[in-house]
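For reference, the chains in residue letters:
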Amino acid sequence: MRCINCEFFNLPGSARCARCDSPLDLSGISIEPPRRGQALMPSFGRLAVRSSVATRSARESIRSVLREESIGEVDWRAVRRSVIPGLGQRYMGHRKFGAAITIAWACALTLAILFMGDGFGTFYAAVTLGIHSLALSLITADAMRRTSLVQRVGIGLFSYAVLLFGIYVPLRWVIYGFVHPIHVEAVPLSRHAPFEQDDVLLLRGRWMSGDIQRGDVIAVEIHEGIFGPGMIIRGGAYIDRVLGVPGDVVMFAEGVLSVNGRPLEPDQMPLGSLPTLNPFVTPVPEGHYFLLPTTFRASGAQATIATILSSPAVTLPSNQRVLGEVLYRWRPFSRMGPVTSAQTPTERAP
Amino acid sequence: MSGRFSKLEPQVPSIVEAASSKPENPAAPGEPVRDAAFYFARAVEAMHDGKHESALQLYTRCLKEDRARIPAWVGQLQMLLELREDLEARLWSEKALEVFKGNGELLACRAQASLRVGDPASAMAQSDQSLAAPGSSPLRWIARGEVLMPGRSNVAAECFAKAKAEETADWYVPLRIARVYLRHDQPGPASEYAKQATSLSPSSAYAWITLAECHDRLGSRDRAAECFRHALQLAPQRRELKDRIDECERRGDSFLLSLWRRFRS
Chain V
15 MRCINCEFFN LPGSARCARC DSPLDLSGIS IEPPRRGQAL MPSFGRLAVR SSVATRSARE
75 SIRSVLREES IGEVDWRAVR RSVIPGLGQR YMGHRKFGAA ITIAWACALT LAILFMGDGF
135 GTFYAAVTLG IHSLALSLIT ADAMRRTSLV QRVGIGLFSY AVLLFGIYVP LRWVIYGFVH
195 PIHVEAVPLS RHAPFEQDDV LLLRGRWMSG DIQRGDVIAV EIHEGIFGPG MIIRGGAYID
255 RVLGVPGDVV MFAEGVLSVN GRPLEPDQMP LGSLPTLNPF VTPVPEGHYF LLPTTFRASG
315 AQATIATILS SPAVTLPSNQ RVLGEVLYRW RPFSRMGPVT SAQTPTERAP
Chain A
58 MSGRFSKLEP QVPSIVEAAS SKPENPAAPG EPVRDAAFYF ARAVEAMHDG KHESALQLYT
118 RCLKEDRARI PAWVGQLQML LELREDLEAR LWSEKALEVF KGNGELLACR AQASLRVGDP
178 ASAMAQSDQS LAAPGSSPLR WIARGEVLMP GRSNVAAECF AKAKAEETAD WYVPLRIARV
238 YLRHDQPGPA SEYAKQATSL SPSSAYAWIT LAECHDRLGS RDRAAECFRH ALQLAPQRRE
298 LKDRIDECER RGDSFLLSLW RRFRS
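Each protein sequence line maps, in turn, to chains V and A.
Here my numbering runs 14 ahead of the position in the first sequence, where the first position is 1.
Here my numbering runs 57 ahead of the position in the second sequence, where the first position is 1.
By construction, these hints were calculated from the structure, which means they are not laboratory data.
Don't take each hint at face value.
[Stated by the list, open to error] In silico EDC-like pairs for lysine to aspartate or glutamate, Cα to Cα no more than 20 Å straight-line:
1) A:158 <-> V:35
2) A:299 <-> A:106
3) A:152 <-> V:39
4) A:152 <-> A:106
5) A:152 <-> V:35
6) A:152 <-> A:123
Work out the full structure: start from the sequences and follow the hints.
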């Protein structure tokens, strides 16, 4: 019997070809192809085939990407140089294009730093990351030409995620551990508070709180709430000078503010102008600092010390609520500069 | 007549029944013998006319006469692919390959089906096996080109050129390439191959219909209507072409779509 597939002459009576294992008797073979509308294959069977095809396809795609077909052709030296976007392109001979990418990335990074802490900062950070990701993708583009669009998109997203979680997020975490940018919101029902609507850079409070001295300008976290009649404070940060550290006794009598019996020097006074206050004596407990938030006003009347002192969250913040020591003000750009403990009340906004 | 033949479309029975009537009786004097070769020739005719459903039935009828006729199996698979029954084509190609192990044409069909069901890695492997199998044919190179098309269009074009250069290549090869490009939503290159097909076989209505579809997808609906009209002249019995012409005339040329399609192509 001759095999129809390989034309091998088999022994009479054989069911299958000895060479290629094809069936020799085709009479029992179905010749009706399966059709879409026919229930030749149950729906769950079709689903199983589709899912197995999809799984195998995905597995093969990952394998091919990770193996020889694409990654093997990537110029890893150029990829390593792409820690700074554009250097990889310069290495590959595209000097002008590489320089353009580096400049664009540097500009976006500068803007992201300048607007750090608000929506624009986030936007420019995303642009920075996008330029970096694009630069990296372009280096691998030639090698990826063999791969399908889905694979290329997947690799692009993967490189984006690697950059985001491998470089930018850890970098931000480390930087924010030392310095922390905040935007000081306006405080409703108050006079203009120091640094209100400004962007300032803080030395990280939790790490530096042990070093806070009397006269330092610090930022305190305040929660939204009502602190006495007419004193509604929106959540955010309040910035003022530390008047008393743990163990001090702060006293106000006859219009003079003194600590431990000694009147405060002008460069140790609160940043706001002192309102008319009733006399008071306040010891500063352990783990707290004393601030005199002079800018709050009561509705319809002058603030009393009782009103102010009824909000210890503001006047006596604990260590945990200190966000940090105010280091630098960079916005508005007209008043950009370091914030020193000798900051005078005259610098306040009207 | 089996149950599946009773569910054919209105225009289909005329072809299939005419071909398969009195199958058991010996041919009358002057009539052709209704054997496997007869049905195969009719199937190829139907395929060249673009009547894929009829061609599929005739290939099946041919296999009923002669199960060892591999081109009929290949024809079945090609028709399933043309009818966009890709999963069925893949299953059927596996079935056929169980019988005809390592057949190059069947492997090529399986590669096409695998690619179309979203398994490019398997498609590439099957195309490799197809080319490694003994013999050569335009279909193997067309399948190779289709498998390479998603990522390496220039290499795909070379494969298609090889398909056209094969000894057994005829006017249907460029048309088949055009259909492949159309299937992958690339009407630009498809129109080039369709033009070649129309120049090689100007009397083929199917080639003109394919060219019209290319123009339609490119947004040049005036040209599409013109090609449909030409096809209607060649095949006046295909009344559905009138609807296509009316639709093209009603929608008119779309400049933006045309520009976008040409840009993509």
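| request: Would you mind confirming whether the straight-line C-alpha gap from residue 152 (chain A) to residue 106 (chain A) stays at or under 20 Å? | output: Since the Cα atoms of residue 152 (chain A) and residue 106 (chain A) sit roughly 27 Å apart, the hinted pair is violated (cutoff 20 Å).
| task | Compare the distance between the alpha carbons of residue 152 (chain A) and residue 35 (chain V) with 20 Å, and conclude whether the hinted pair is satisfied. | result | 14 Å, holds
| message | Against the 20 Å threshold, does the CA-CA distance of residue 299 (chain A) and residue 106 (chain A) hold or violate the hint? | response | Distance ~17 Å between residue 299 (chain A) and residue 106 (chain A) Cα, so the pair holds.
| field | Hint consistency between residue 152 (chain A) and residue 39 (chain V) [alpha-carbon to alpha-carbon, up to 20 Å] | value | 15 Å, holds
| field | 20 Å limit on alpha-carbon distance, applied to hinted pair residue 152 (chain A) and residue 123 (chain A) | value | Holds, at roughly 17 Å.
| Given hint residue 35 (chain V) paired with residue 158 (chain A) - CA-CA distance at most 20 Å | 8 Å, holds
The structure fails hint 4 only (numbered hints given earlier).
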